[in-house]
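**Q** So you can see what is in the structure, the chains are spelled out below.
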Amino acid sequence: MILQTLVLGAAHGHSIAYAIEHRSEDVLQVEHGSLYPALHRLENRGWISSFWGTSENNRRARYYRLTPAGKKQLAAQTSRWDEIVRAVNRILRPIET
Amino acid sequence: MNWFRFFRRSAWDDERARELEAHLAIEVDENVARGMTLRDARDAARRKLGNTTRIREEIYRMNTVGVLDTIWQDVRYAARLLRLNPVFAVVAIASLALGVGANTAIFQLLDAVRLRALPVSHPEQLVEIKIAGSGREGWFSGNHAILTNALWERIRDRQGAFSGVFAWSTPNFELSSGGESRRAQGLWVSGDFFRTLDVHPFIGRLLTTADDARGCPAPPVVISHGFWQREYGGSPSALGRSLTIDGHAYDIVGVMPAGFFGVEVGREIDVAVPLCAEPFSLGSRSALDRKDAWFLGAIGRLKPGWSLARASAHLDALSPAMIAETLPNYRPEEEKKYLSFRLTAVPAGQGVSNLRQEYEAPLWLLLATTVLVLLIACANLANLMLARAATREREIAVRLALGASRFRVMRQLLAESVLIAAAGAGIGAWLAQVLSRILVAALTTQNSRVFVDVTGDWRVFTFVALLASGACIVVGLVPAVRATATSPGAAMKAGSRGSTDTRQRQGLRRVLVVAQVALSLVLVVGALLFVRTFRNLMTLDAGFSRDHLFVASLDLRRAGMPEDRLRLANADLLERLRAAGVDGAAQVRNVPMGNSFSNREIVVDGVVRTENVNYNSISDHYFSTMRSALLAGRDFDRRDSAAAPRVAIVTQSFARVFFNGANPIGRTFQLDQPPGTPRPSFEIVGLARDSKYGDMRDPFEPLMYVPVAQDDLSPLSVRLLIRSYAGAASVLSSVTALARDIHPASVVSVRTMESQLTDGLLRERLMATLSGFFGLLAALIATIGLYGVVSYSVARRRNEIGIRMALGADRRQVVRMVMREAGMLLAVGLAVGAISALALARSAQSLLFGLPPHDPLTLITAATGLAAIAAVASYVPARRASQLEPTEALREE
Numbered sequence: 001m002i003l004q005t006l007v008l009g010a011a012h013g014h015s016i017a018y019a020i021e022h023r024s025e026d027v028l029q030v031e032h033g034s035l036y037p038a039l040h041r042l043e044n045r046g047w048i049s050s051f052w053g054t055s056e057n058n059r060r061a062r063y064y065r066l067t068p069a070g071k072k073q074l075a076a077q078t079s080r081w082d083e084i085v086r087a088v089n090r091i092l093r094p095i096e097t
Numbered sequence: 098m099n100w101f102r103f104f105r106r107s108a109w110d111d112e113r114a115r116e117l118e119a120h121l122a123i124e125v126d127e128n129v130a131r132g133m134t135l136r137d138a139r140d141a142a143r144r145k146l147g148n149t150t151r152i153r154e155e156i157y158r159m160n161t162v163g164v165l166d167t168i169w170q171d172v173r174y175a176a177r178l179l180r181l182n183p184v185f186a187v188v189a190i191a192s193l194a195l196g197v198g199a200n201t202a203i204f205q206l207l208d209a210v211r212l213r214a215l216p217v218s219h220p221e222q223l224v225e226i227k228i229a230g231s232g233r234e235g236w237f238s239g240n241h242a243i244l245t246n247a248l249w250e251r252i253r254d255r256q257g258a259f260s261g262v263f264a265w266s267t268p269n270f271e272l273s274s275g276g277e278s279r280r281a282q283g284l285w286v287s288g289d290f291f292r293t294l295d296v297h298p299f300i301g302r303l304l305t306t307a308d309d310a311r312g313c314p315a316p317p318v319v320i321s322h323g324f325w326q327r328e329y330g331g332s333p334s335a336l337g338r339s340l341t342i343d344g345h346a347y348d349i350v351g352v353m354p355a356g357f358f359g360v361e362v363g364r365e366i367d368v369a370v371p372l373c374a375e376p377f378s379l380g381s382r383s384a385l386d387r388k389d390a391w392f393l394g395a396i397g398r399l400k401p402g403w404s405l406a407r408a409s410a411h412l413d414a415l416s417p418a419m420i421a422e423t424l425p426n427y428r429p430e431e432e433k434k435y436l437s438f439r440l441t442a443v444p445a446g447q448g449v450s451n452l453r454q455e456y457e458a459p460l461w462l463l464l465a466t467t468v469l470v471l472l473i474a475c476a477n478l479a480n481l482m483l484a485r486a487a488t489r490e491r492e493i494a495v496r497l498a499l500g501a502s503r504f505r506v507m508r509q510l511l512a513e514s515v516l517i518a519a520a521g522a523g524i525g526a527w528l529a530q531v532l533s534r535i536l537v538a539a540l541t542t543q544n545s546r547v548f549v550d551v552t553g554d555w556r557v558f559t560f561v562a563l564l565a566s567g568a569c570i571v572v573g574l575v576p577a578v579r580a581t582a583t584s585p586g587a588a589m590k591a592g593s594r595g596s597t598d599t600r601q602r603q604g605l606r607r608v609l610v611v612a613q614v615a616l617s618l619v620l621v622v623g624a625l626l627f628v629r630t631f632r633n634l635m636t637l638d639a640g641f642s643r644d645h646l647f648v649a650s651l652d653l654r655r656a657g658m659p660e661d662r663l664r665l666a667n668a669d670l671l672e673r674l675r676a677a678g679v680d681g682a683a684q685v686r687n688v689p690m691g692n693s694f695s696n697r698e699i700v701v702d703g704v705v706r707t708e709n710v711n712y713n714s715i716s717d718h719y720f721s722t723m724r725s726a727l728l729a730g731r732d733f734d735r736r737d738s739a740a741a742p743r744v745a746i747v748t749q750s751f752a753r754v755f756f757n758g759a760n761p762i763g764r765t766f767q768l769d770q771p772p773g774t775p776r777p778s779f780e781i782v783g784l785a786r787d788s789k790y791g792d793m794r795d796p797f798e799p800l801m802y803v804p805v806a807q808d809d810l811s812p813l814s815v816r817l818l819i820r821s822y823a824g825a826a827s828v829l830s831s832v833t834a835l836a837r838d839i840h841p842a843s844v845v846s847v848r849t850m851e852s853q854l855t856d857g858l859l860r861e862r863l864m865a866t867l868s869g870f871f872g873l874l875a876a877l878i879a880t881i882g883l884y885g886v887v888s889y890s891v892a893r894r895r896n897e898i899g900i901r902m903a904l905g906a907d908r909r910q911v912v913r914m915v916m917r918e919a920g921m922l923l924a925v926g927l928a929v930g931a932i933s934a935l936a937l938a939r940s941a942q943s944l945l946f947g948l949p950p951h952d953p954l955t956l957i958t959a960a961t962g963l964a965a966i967a968a969v970a971s972y973v974p975a976r977r978a979s980q981l982e983p984t985e986a987l988r989e990e
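The listed protein sequences derive, respectively, from chains A and B. Note that my numbering numbers the first sequence so that position 25 is 25, with each residue one more than the last. Note that my numbering numbers the second sequence so that position 295 is 392, with each residue one more than the last.
Every clue listed holds true.
Calculated pairs, SDA-like style, for lysine to any residue (alpha carbon to alpha carbon, straight line, at most 20 Å): (1) B:145 - A:20; (2) B:227 - B:433; (3) B:145 - A:23; (4) B:433 - B:773; (5) B:145 - A:22; (6) B:145 - A:21.
Rather than coming from a laboratory, the hints here were simulated on the basis of the structure. Quick caveat: nothing in here was measured; it's all calculated off a predicted structure.
Sequences and hints are given; from them, build the entire structure.
**A** See below:
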């Protein structure tokens, strides 16, 4: 999900957190605390990279952006997610006869 | 796990902190924008984010391997603790370093002398050819006189067990052609020496069988690497240069590889000469054709598939013919003995060694000593660590209560002792190198330069590592286990007193101190035994006065004069020397304790006696020079020329053994000879005091003196004894100048009799010095240990002491109470130590002189000395205890 939010461009941790919340219409409440370790893990795997920049209100913040490897990973993950959703749907929804 | 991030993890963590700060800042801004007050905005932001420290920790943990990080933490903490207690750290590391260093140095020496194989290829294939059977008679020279040349040549030509076989001898060569002596330690080697040992030259070539042909037209020599560096600066131009050895010129054709010393462990060599060149050095005294001249050792390399037993049997089978062919001109009993000799083979992979024979036992003893010292030092350290762990009890209790696992806390405590052990071992290893070099230098005397390769190798390294780990475990593990065994609750409740001062807890520390005292007593007793042995030997009556006495050796091989002229010239030299103002000068054949001895078998009243009679020839004025007055009869003088009837002066022991103590003046005896040779008859004209002859440790034996003029002594090598109150340098210059007047090409060397005697006692001196040093060290460490335990006990009992004083005990009673406790420990320790000392002293028996290993005086002196310093060590804290103010003591919790 973090990778998806970065598709539209670089963002800093705070905005990523809010983006996930808003996009899911507050269904998914991200605990901000677990966001940063997740970001670190993604960075370790080389799917995102980071740099220091200035935010909207002129504060220094750390920005993250997708790497090419990250883009590939996103495509793979999304298709995988779709697969899972389809599978679960097939089980949950009764077969139209 | 990214290694790059691992090494930069703290910087990374700082960045994370800043990032989280920034996150909070943005959130606060938004909250304010939503209408909250600044305070509420901040609180809400923090609540939303959660625990920043936990987030940082989680990220930090992703950057590191858990164990490595915690270990590093422990190490840093331990290092900081040590830095805060520098005295403790220095004492601990120093005592470990000394213990490890001393042990390693002695072990290295033992390894080089005893355990290590020769540095040649496949040393296990080397065997030495020896004679099975005792009672060889004749002329012996060199360090390893096993075979005669006659036997060697036959072995070389007829053996079938060895792919290569060689013989060697160990002469000392004279390199100087006039003036002051310059000696070199050399080898005579047969042609196959280097090939059999599979040694390759450093530069040039080595000797081959072609170089070792009888007659030796133009013999080459090879020099050792060390000699090459010293004399020729390591320059390749040394090859082809001429080297004068014993007056004869040789060509240098090669340099031996570095570190090669032949087959005699511990003897440094400078030059190797082919065996055929031996007559050039000895002239008419050449041993090559004398069937009773024993001066060679022989070693062979077994053929593939041959075992030691098979080779031995092979040699045994060849023996009868070879022995029969080489029978010298002996008396009947000697003949019978000789004909019973057989050749046999023994393993020689470790070479042969006089150094080993003399020093193996002392080195093992020294190793045992240093191990004990290390144990004492470790016990001390363990005690110290126990005390420190006790003071940290509260801290440990808190850690345990907060959830640290017992293992984790133990690991932290261990980190300190690991650090100390590592530092101690590291410094100790370096110290060992220094000590080894000092030891090897101490073993070198004027007569023999010692070479022992004490560079480290895997065996030594393993030894050091084992020592260090052992020390670490002993010192650190027990306190760590102890300290973490208390339940946190009990520790907190007990307050600052801690729960470790119950009787049982103090028990371990007391046991350690008792052990320390016991071990120290053993070492001090040992030290005293060796010191007294050395003193006994040094103050032994040698039969003559030793101070201001010089030994001068003249080498006249290049004088080029006929022998009878030389005899006259030597007598002239003595006269001139006396005229020059020395207090006494005399010529002697065998200098007492001077590494050359002769003996004879005599016939008294027609009976051939079996007792050994030492033999020496002297000029007139010998007894006055030695300050050993004649007891009866007269000294030799001009009457006793070569043509005059034979006379002798004998010592008290001679009279005692052969004449039952009666006055021997006027009696006669004969020298036993092989059948067919007439027995020379001697009339005894004087009775002298007993004198030590070959070794100070031997008792007085019968000794006969004959006049130099009537001896068959070669005038080529002259030994003079000179009593002079001038210094060695002036004696050397006088003798050299006078000698040059008479023989321009004479070579002179001078040394004091005292230095010759102490060289002979080198082993005892080393043992006394080293064991004395370690004994003192052990006593010191044990005393410190006792002091520490008593102080600690006093500190813990402040409360109790305060109560006692408040209830009316006076200062003296307090002191007595503390001393009694210390005294108990001391007494038990001394008792255990005394028993151990008596049991262990027997192993040192062969090295003692003049006192039995269970000598009571030594034991009592050692115990008293130790008790005295221990008493002082425990009096100090006792006095401190007695000076407590009762109210202060009571106020302490």
